[in-house]
Amino acid sequence: LVLKDLKQGFGLQSTVAFVVLIVVSLIGWGVMEVVLKTVCNQELGWNSRDTSTIMGLGVYPEAILALSAGWIGDLVGRRKMMTLGLLGYGGISIAFGLAYESWGMDIEIFGTMHYDWIVATYTVVYPALLAIFVVNFLAHAMQLSWTKSSATMFTIYMTLSNVG
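The numbering used here applies: residue 670 is where the sequence shown begins, and numbers increase by one.
Read the hints as simulated data drawn from the structure, not as lab findings.
For every residue, glycine included, the Cβ atom is placed at its ideal position computed from N, Cα and C.
Be aware that a few hints might be false.
Below are the SDA-like pairs computed for lysine to any residue, each with C-alpha atoms no more than 20 Å apart in a straight line [claimed, not checked]: (1) LYS676 x THR824; (2) LYS706 x GLU770; (3) LYS749 x SER683; (4) LYS706 x ILE763; (5) LYS749 x GLU731; (6) LYS749 x PHE765.
Distance windows between CB atoms, simulated [claimed, not checked]: (7) SER717 x LEU767: 25 to 35 Å; (8) ARG748 x PHE679: 17 to 27 Å; (9) ALA768 x LYS706: 15 to 25 Å; (10) LEU756 x GLY680: 35 to 45 Å; (11) LYS673 x GLY714: 53 to 63 Å; (12) SER721 x LEU767: 40 to 50 Å; (13) VAL700 x PHE679: 18 to 28 Å; (14) ASP743 x GLU712: 16 to 26 Å; (15) LYS817 x ASN716: 32 to 42 Å; (16) ALA768 x PHE679: 55 to 65 Å; (17) THR722 x LYS749: 16 to 26 Å.
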């Protein structure tokens with residue numbers, strides 16, 4: 670019964686498109702997590718404490734946007750908010766990559782630590798943009814898990830989201 674129900678649930682074009690969206694977007698995030706730490710520590714010469722400090726600062730805008738994105742998603746639509754989050758993340762990631770030649774322009778933070786402002790800004794902002802996507806993705810995944818095997822379906826969505 671569960672397998673038949675899963676086949677029916679995942680047989681819809683919208684469900685397949687949603688699965689592809691999850692995998693592609695969150696693999697990009699997973700790659701960026703690894704690459705960014707390497708860039709900070711090896712390319713720019715930051716020590717691990719400095720890298721952790723800047724990445725930790727991203728928690729504040731991420732938390733604020735995660736909380737507000739769910740509420741806004743309920744008002745204007747989850748798909749719109751997922752699109753906004755992914756376009757924002759994609760746009761800032763492309764801009765970050767294109768600005769490679771400008772990496773190394775320092776900004777002083779906390780009086781003594783000097784950081785490349787482009788890398789520091791990206792490191793703080795991109796998790797917040799992803800939070801807009803992820804919060805609405807989770808809500809949409811729950812909505813798409815409509816079959817009798819909804820717990821299994823939702824578990825599959827969560828597993829796919831951890832691929833990144």
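We went through each hint and held it up to the structure:
1. LYS676 x THR824: holds (15 Å)
2. LYS706 x GLU770: holds (18 Å)
3. LYS749 x SER683: Roughly 15 Å separates the two Cα atoms, so the pair holds.
4. LYS706 x ILE763: Distance ~17 Å between LYS706 and ILE763 Cα, so the pair holds.
5. LYS749 x GLU731: With a Cα-Cα distance of about 18 Å, the restraint between LYS749 and GLU731 holds, given a limit of 20 Å.
6. LYS749 x PHE765: violated (24 Å)
7. SER717 x LEU767: 25 to 35 Å: holds (27 Å)
8. ARG748 x PHE679: 17 to 27 Å: holds (19 Å)
9. ALA768 x LYS706: 15 to 25 Å: holds (18 Å)
10. LEU756 x GLY680: 35 to 45 Å: Cβ of LEU756 to Cβ of GLY680: about 29 Å, so the range 35 to 45 Å is violated.
11. LYS673 x GLY714: 53 to 63 Å: Since LYS673 and GLY714 have Cβ atoms about 57 Å apart, the given range 53 to 63 Å holds.
12. SER721 x LEU767: 40 to 50 Å: violated (26 Å)
13. VAL700 x PHE679: 18 to 28 Å: At 26 Å between Cβs, range holds.
14. ASP743 x GLU712: 16 to 26 Å: Violated, at about 41 Å.
15. LYS817 x ASN716: 32 to 42 Å: Taking Cβ atoms as reference, LYS817 and ASN716 lie about 53 Å apart, which means the hint is violated.
16. ALA768 x PHE679: 55 to 65 Å: Since ALA768 and PHE679 have Cβ atoms about 40 Å apart, the given range 55 to 65 Å is violated.
17. THR722 x LYS749: 16 to 26 Å: Violated: the Cβ-Cβ distance is about 34 Å, outside 16 to 26 Å.
Comparing the model with each numbered hint stated earlier shows that hints 6, 10, 12, 14, 15, 16 and 17 do not hold.
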